[in-house]
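**Student:** Based on the sequences and whatever the hints tell you, model everything.
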Amino acid sequence: MPPKLCLVILYHLDGLFPFTGLSQTDQSFSSKVHQTPVALIQGPGENVKLTCNHTIPDYYMILWYQQSAGDTAIKLIGNIYTQSVTMETSFEKHFSVSGNGGKEAYLHIQSLRQPEDSSVYFCAASQHSDMINLLTHDHR
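Residue numbers (mature numbering (1 follows the signal peptide of the UniProt record, and there is no 0)): -18 to -1, 1 to 122.
Please keep in mind that the hints were generated in silico from the structure rather than gathered at the bench. These numbers come from a predicted model, not from an experiment.
Have a look at the derived ranges for each label pair, beta carbon to beta carbon:
no.	residue 1	residue 2	range
1	G52	N82	29 to 37 Å
2	K14	Q65	16 to 24 Å
3	T68	Q92	13 to 21 Å
4	T37	H76	27 to 35 Å
5	T68	T33	15 to 23 Å
6	E70	Q96	19 to 27 Å
7	P97	T37	33 to 41 Å
8	T33	A55	18 to 26 Å
Positions of the beta carbon are idealized from the N, C-alpha and C atoms, including for glycine.
**Tutor:** Below you can see the structure in the form of structure tokens.
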């Protein structure tokens, strides 16, 4: 039986969603967020490192998302604000994020699983940490 393969496709979010800090009409940042590799085919059990970098001043957060095959939902995997990482619970076992949200971050996928990890992966750069402040603010 031939080995099964996992397909990973990358896209960056450059104004597709309001939380990126970019407007639909602001095209000046679209060329400043990059992901590599653009596409990747690996076998189950292998490890993968995806890179997202940006050159946008005062943007200190990089967020990573997954869109599974046949699914319209985009799920947040985790983010890095400067060097502080926050992972979504459902992704903690096989995924990790490292780097610096101010310039370059990495998504690590450990021991690829088929078909769960055969997905489109997105990264986004964000200007501020309002999302983190909202989640951690002490409301009295």
